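Novice: Use the sequences and the hints to build the structure in full.
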Amino acid sequence: MNNQISLKEFNIKGDSMKVLFLDIVWPLYLADGSLIHRHELVSNLASLNNEIHIFTTDSSTLSHLDNIRCHYIRPGNLLTLTINYFRSSAELVGSETFDVLYTRNPNFGFLAGLFCKSRCKTLVYELNGIPEDESSLIKSRCSEEKSLQEGKTVNLSRYFSSAKARLKVSVLKKALGLSDKIIAVTPGIKANLESSYDIPGEKITVIPNGANTSLFKPLEQDACRKELRLDLETPYVCFVGNLAPWQGIEYLVKAAPLILSRSPGCRFLIVGDGVMKNELINLSRELGVADSFVFTGVVAYDRVPVYINASDICAAPFILARNAKIGLSPLKLYEYMACGNPVVASAISGVADVLEASEGGIPVPPENPEALAEAISKLLENQELRAKMGSKGLSYVTENYSWYSVAKQVDGVCKSGLEG
2 MNNQISLKEF NIKGDSMKVL FLDIVWPLYL ADGSLIHRHE LVSNLASLNN
52 EIHIFTTDSS TLSHLDNIRC HYIRPGNLLT LTINYFRSSA ELVGSETFDV
102 LYTRNPNFGF LAGLFCKSRC KTLVYELNGI PEDESSLIKS RCSEEKSLQE
152 GKTVNLSRYF SSAKARLKVS VLKKALGLSD KIIAVTPGIK ANLESSYDIP
202 GEKITVIPNG ANTSLFKPLE QDACRKELRL DLETPYVCFV GNLAPWQGIE
252 YLVKAAPLIL SRSPGCRFLI VGDGVMKNEL INLSRELGVA DSFVFTGVVA
302 YDRVPVYINA SDICAAPFIL ARNAKIGLSP LKLYEYMACG NPVVASAISG
352 VADVLEASEG GIPVPPENPE ALAEAISKLL ENQELRAKMG SKGLSYVTEN
402 YSWYSVAKQV DGVCKSGLEG
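The opening residue of the sequence shown carries number 2 in my numbering; numbering runs sequentially from there.
If you're looking for bench data, these hints aren't it; they were derived computationally from the structure. Being a predicted model, the structure only gives us computed values, none of them experimental. A virtual CB, placed ideally from N, CA and C, is assigned to each residue, including glycine. Treat the hints with care, as some may be off.
What follows is a list of derived Cβ distance ranges for each label pair [to be verified]:
#1 Glu234 - Glu92: 53 to 61 Å
#2 Ala322 - Lys409: 28 to 36 Å
#3 Lys227 - Ala322: 35 to 43 Å
#4 Glu234 - Leu168: 51 to 59 Å
#5 Ala325 - Ala224: 33 to 41 Å
#6 Leu229 - Glu357: 27 to 35 Å
#7 Leu79 - Ala322: 22 to 30 Å
#8 Ser89 - Glu234: 51 to 59 Å
#9 Glu400 - Glu92: 37 to 45 Å
DSSO-like mimics (lysine-lysine), calculated; alpha carbons at most 27 Å apart, straight line [said to hold, decoys possible]:
#10 Lys227 - Lys389
#11 Lys278 - Lys227
#12 Lys379 - Lys218
#13 Lys118 - Lys169
Specialist: Written as structure tokens, this is what we have:
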């Protein structure tokens, strides 16, 4: 693996590429944004006549699709899985050459840059967020909850997290520096990489996320409600996603009393699971609106469109922390709109501009339950406006934010790396 190979050994055939996806592609059994992103990107890159190699713990994952080669990793605990993954990837990279190594993981990107550059023409790193921002939010929320449960005001674990955070930043910097091309899903991430990580702007391409417009599409509302055993006459507001701190779901719960004062029969579907679930349930009880909320827990990815289409309005009340810094390219926004639903979402870069350009929803000030309640109530009381916004949002997302169009842009970045 240490010997440099000539370009003649690479695998470019016309416009096709041989790509190794340096990450584990887990079975797509739930509506998790990271899992969805991997599956949709891999399958759509393969549809562009590229040969895509993936590692998976389930040999049936995407193996039915043309141009995808699955390399099985025996599952186990985290240590066993990690050892099996690195052994399998080392064996594969040692025996074959690739046009592109593609990763979304800083650890894999760092190791690939150190040990695998001689086995590929270009290394592409994709960044969907700033990892230390997400980790600090989750740890802060978990620490607060644990301290409250234990009756303490100080959680000593926070004092040991800074070293780990610094290590993450160091690994990410090295991975980015070793990459030939970087894909950022928002302009804010690109700007942060340039200012905080000293990455040249010409090395970074902004490509947003997308929606599977074959799966997420308008369905007949009554049929969806019957399937989910929901009342046909009740107005429903829906949130889909990871119940994580940056999602701002607590502001939807806080808005509920105001919404219910104008639409007493309204119900709220919270589709997904996460670290904030218990906190949100407790908050709904404290505010006396628990009976109006349905927390579904984990829902399979292919079932999510049924919940969206059963609803009248979809919400994305993102908070400012993390999101305002780097902007957003949220899957849920595109998936809501692809189903033809009007959206009420926080006015943050990457969200407000999409809603304004499409006229597919109402942007509201973040972390403001009164503004959130007013916008949702406005739509609940105006069926014609809901239909108009839903139709415009559907047209806009179908034209601009399909996963196929995302994959075509990624394909172009990879090929530009090969040409360089």
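Novice: Failing hints, ascending?
Specialist: Structure breaks no hint.
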